[in-house]
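Trainee: Chain A is fixed; fit chain B onto it per the hints.
So the protein sequences, as listed, match chains A and B. The C-terminal residue of the first sequence carries number 395 in UniProt numbering, and the numbering is unbroken. The C-terminal residue of the second sequence carries number 395 in UniProt numbering, and the numbering is unbroken.
Among the clues, some could well be false.
As the list claims (entries may be wrong) - Taking lysine-lysine and the DSBU-like style, the derived pairs with C-alpha atoms no more than 35 Å apart in a straight line are:
id: 1; chain 1: B; residue 1: Lys205; chain 2: B; residue 2: Lys171
id: 2; chain 1: B; residue 1: Lys355; chain 2: A; residue 2: Lys308
id: 3; chain 1: B; residue 1: Lys226; chain 2: A; residue 2: Lys205
id: 4; chain 1: A; residue 1: Lys273; chain 2: B; residue 2: Lys392
id: 5; chain 1: A; residue 1: Lys355; chain 2: B; residue 2: Lys226
id: 6; chain 1: B; residue 1: Lys273; chain 2: A; residue 2: Lys226
id: 7; chain 1: B; residue 1: Lys226; chain 2: A; residue 2: Lys273
id: 8; chain 1: A; residue 1: Lys207; chain 2: A; residue 2: Lys224
id: 9; chain 1: B; residue 1: Lys287; chain 2: A; residue 2: Lys355
id: 10; chain 1: A; residue 1: Lys25; chain 2: A; residue 2: Lys207
id: 11; chain 1: A; residue 1: Lys289; chain 2: A; residue 2: Lys205
id: 12; chain 1: A; residue 1: Lys224; chain 2: A; residue 2: Lys205
Quick caveat, the hints were computed from the structure, so don't treat them as lab data. Only a predicted model underlies this, so the values are computations on that prediction, with no experimental measurement involved.
What follows is each chain in one-letter form.
Protein chains: 2
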Amino acid sequence: MKAVGIIAEYNPFHNGHAYHLQEAKRVTGADAAVVVMSGNFVQRGEPAILDKWERTKLALHNGADLMVELPVFSAVQPGHLFAEGAVRILAALGVDELVFGSEHPEVDFLDLAKQAEEIQEAGASADKTQTYAAAYAADLEEKTGFKLEDPNDILAFSYAKAVLKLGVDMKLHPIARKAAAYHDQDIDDDQAIASASSIRLALHKGKWDRVEGVVPADTLQALKEKPNTLAFEGVFFNLLRYRLLTDTVGQLGQVYQMAEGLEHRLVGVATAKEAPQSYQSFIKAVKSKRYTFARMQRTMLYTLLNIKVDQMQAAMADSYIRLLGFTDEGQAYLSEVKRKARLPIISRVDQGLAKANLRLDYKAGLIWQLLAGQAGSQEGQDLSRRPIHYMKEND
Amino acid sequence: MKAVGIIAEYNPFHNGHAYHLQEAKRVTGADAAVVVMSGNFVQRGEPAILDKWERTKLALHNGADLMVELPVFSAVQPGHLFAEGAVRILAALGVDELVFGSEHPEVDFLDLAKQAEEIQEAGASADKTQTYAAAYAADLEEKTGFKLEDPNDILAFSYAKAVLKLGVDMKLHPIARKAAAYHDQDIDDDQAIASASSIRLALHKGKWDRVEGVVPADTLQALKEKPNTLAFEGVFFNLLRYRLLTDTVGQLGQVYQMAEGLEHRLVGVATAKEAPQSYQSFIKAVKSKRYTFARMQRTMLYTLLNIKVDQMQAAMADSYIRLLGFTDEGQAYLSEVKRKARLPIISRVDQGLAKANLRLDYKAGLIWQLLAGQAGSQEGQDLSRRPIHYMKEND
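Excised from the complex, chain A in its bound form (with noise of 0.2 Å):
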């Protein structure tokens, strides 16, 4: 059988990812798509609006036929860590092509990135402080002519640039995103594809109109049936705070990213006179201008999930395969790569695994239902969870 790879948060899954679906299967002949998601928080250090089982329900129905989950320790993480984590797992799965959407769909990733390679083996000075690409960018303008600016661009660099540093074997598909630019906000009325973050600014408004013609209909029940996650960022702002005000300073400087003195500042802005009463007045309290806002909220996380540098580093080198779902075809394709697979495939979390390699995500899902106000809820987000098995006969 053959599958294509896609990496995707799905936050929430909505028409250009169904439509992306389609594609991919289209123009690289896969008969399953294999897709690792994002679990329960996102790339920017945020708590996906939807918890990673109902992701993972409205992308079968949608079109994704496998779905494994980008453990928190690489979904959380820059833009080359996170390509890494994607692209280690679905080589793991004997995935050999990759879709992805960009602005520039003409362009040949791969040689790109090895054009990279050559400057930086050329011992160009790059400014660590920035990211990998902007550090790159104009170096690389100069020798290729093409300016690396475009969000899905940088993404898809960080892929190719992933597929060669782990020396695996994958062909890359840039395809063209259909109608919303990534940063777009708005969402006009005849528009039937937004992006992610328009349709939640729009939920966050109360908007549903907006939300209505942009989103699967199984998404927009979803959306509407479950916990307030518009309270998220109040009760992760509390619980982080109550954390700055009881750790020490020695306690907080553990923390994975917590670097140049950080934990001073968090602490200082946490107990000062007036402090910042909103999460987003305080990361702009707190941030320096080397660091990004991306940054900074996922350091916020890491100090929210007290991730340890030492328990970050010991589960990245220690990855595996976690099933969230299939439909038919994706439970043919794993059976046929299952004994060849390379990381360790995981369908059952229990009390050994939550407490050794899946205790980060499983701390991860502990605090999202925190968040979601729904901690001790009979259904928990790991322990005994079966890989949903989605029939399409039954749709």
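Mentor: What follows is chain B alone, placed relative to chain A:
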């Protein structure tokens, strides 16, 4: 000047407290009542329903002359440590008479404590898992004929033990408590005095008519104006649960009074499917027979405040006199004893103190404000706060 000492929580300040202050001055002929009062958390491990400044003001309005804080490392402790901390502070301020309520005011508690010492020296095999009073009560009754079992008697006995242990010169004056017994939960229509716990219960039930008759007018007003402290328990539990979900068992094991593998039980219950949904049911689920409910609540507060064994021990070894407020009489008494005070007197907390000696009280204040939804409010609990100077003539 002659001063009389009183040990209190004032949670909240009620008519019985006003009567007690009046009587204390009357029976001792003292010019000034010196009160050492628990700060923002009380002995049962709960947040006080009004902050320490509100309670100070109410006490000064109603008969107290000098208010000092019983630091959290003494205030939230079993009876004998609570008593030791309070007696040490009063003695350090030159107070040599202590008035307290008792079910048996005719008893000579100092003599009773001496008899208990003799029993202890004679090698009675006390059950270490019991409270001190419970462990010695039977032997004490056999020797003296007095049954130590009523709550105020037990507290009185603790004060006497502390006086002996610290070797301070302090006369003890038990006085009869008027009307309400400590455990009485009902407030009758024609009652002017009710216990603090019955008042809190009435507040929780929204029975303001019950509260009106048994507290001074200014207490009533403060209770009506102040944040909804009825929600304290839910917020407390949410933060506690968050800590239990994010700290390692190793980190939790370092918390003061975490013993007998309790940390494992806490995490187990917090992460269980269908975990308890209220603080009360959570405590019941984790509590073993060897723990009293109050001890378990105190341990949960230490966990919430993230107070480690070494921090607690360092703090207990380094006490101080934190001024909360005074009347003119209190101020005059303070001037008289200031130079010979046997503990440092702190009238203003700066950043240095907040990071050193005062760190646990400072942290407790921040967390109290977080629980009360006042985090980052302009007026903090400690930094730059000056003692309240209450001028009676302004009344």
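Trainee: Mind listing which of the numbered hints don't hold for this structure, in increasing order?
Mentor: 1, 5
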